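When you get a sec, could you build the whole thing from the sequences and use the hints?
Number of protein chains: 2
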Amino acid sequence: MPASKTVSSKRAAVIKALAHPSRLLIAEALMDGEMCVCDLKDLVGADMSTVSKHLSMMRQAGVLVSDKRGLNIYYRLACDCLGDFLRCLDQLAPKKAKTKPCC
Amino acid sequence: MPASKTVSSKRAAVIKALAHPSRLLIAEALMDGEMCVCDLKDLVGADMSTVSKHLSMMRQAGVLVSDKRGLNIYYRLACDCLGDFLRCLDQLAPKKAKTKPCC
DNA sequence: GATCTATTTGGTTATTTAGCCAAATAACCA
DNA sequence: TGGTTATTTGGCTAAATAACCAAATAGATC
Chain A
1 MPASKTVSSK RAAVIKALAH PSRLLIAEAL MDGEMCVCDL KDLVGADMST VSKHLSMMRQ
61 AGVLVSDKRG LNIYYRLACD CLGDFLRCLD QLAPKKAKTK PCC
Chain B
104 MPASKTVSSK RAAVIKALAH PSRLLIAEAL MDGEMCVCDL KDLVGADMST VSKHLSMMRQ
164 AGVLVSDKRG LNIYYRLACD CLGDFLRCLD QLAPKKAKTK PCC
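Taken in order, these protein sequences are the chains called A and B. Numbering of the first sequence is given in this note's numbering, commencing with residue 1 and proceeding in unit increments. Numbering of the second sequence is given in this note's numbering, commencing with residue 104 and proceeding in unit increments.
These are calculated hints, taken from the structure and not from any lab test.
Which residues of chain A face chain B? A few of them, derived with a C-beta cut under 10 Å, are:
1) Ser-8
2) Ser-9
3) Lys-10
4) Ile-15
5) Ala-19
6) Pro-21
7) Cys-81
8) Arg-87
9) Asp-90
Nothing here was measured: the structure is a model prediction, and the numbers come from that model. Heads up, the beta-carbon is just placed ideally off N, CA and C, and yes, glycines get one too.
Here it is, written out as structure tokens:
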């Protein structure tokens, strides 16, 4: 496997961690600050075990960081740059239709 | 389905278009300028039909734009902002290990 | 019009992913 | 200690994805 491909694999794993509606929703919500799993479960509207698996996948990819306090586990974005990342996204997939698709 | 979720679905589709080693490799290569399918096939090292399906998926997501000239079809990035997007990625998934994972 | 070339499309198969339920774990409180 | 709450893990099934091959399409060129 060429070096350029293994690099792309690592990077693709990070992107994949955001490439699901629920996971992206979680990432967007965490831009405003940390949240615990039960709050994220309410946000996503899925089984807590499902949300938990999304979260551990995002943590493993390096996108999220977790922190246990009392009974709750709080998750937050690992990197501020994710905000820019998501804003770039809006240029490609705008919430409201524009005359030109991008840029 | 809540509005925030449909928005996340559209955005997730864009991210998904980059969330595969071959597709990311393609996007990275296209940062240097347009390429035709047969060149991208050599880059990725997969069957041309496989590459073609990746490309049409990326085009549908709004990430790529294509342009037919003569017998060839040339693909290029739809948006310059993708460069920033990928650079942010490097902070989360660096090519070389850093002491701290991010930021 | 026939043929060549580049690309896409359709079909099939193997693999991966996402979801839920039930059970396990871990921390707190009585 | 035993119970309660929050979260994770394991197991299973259904759905989505990626890969290949073969066939179809669409332009060039003869």
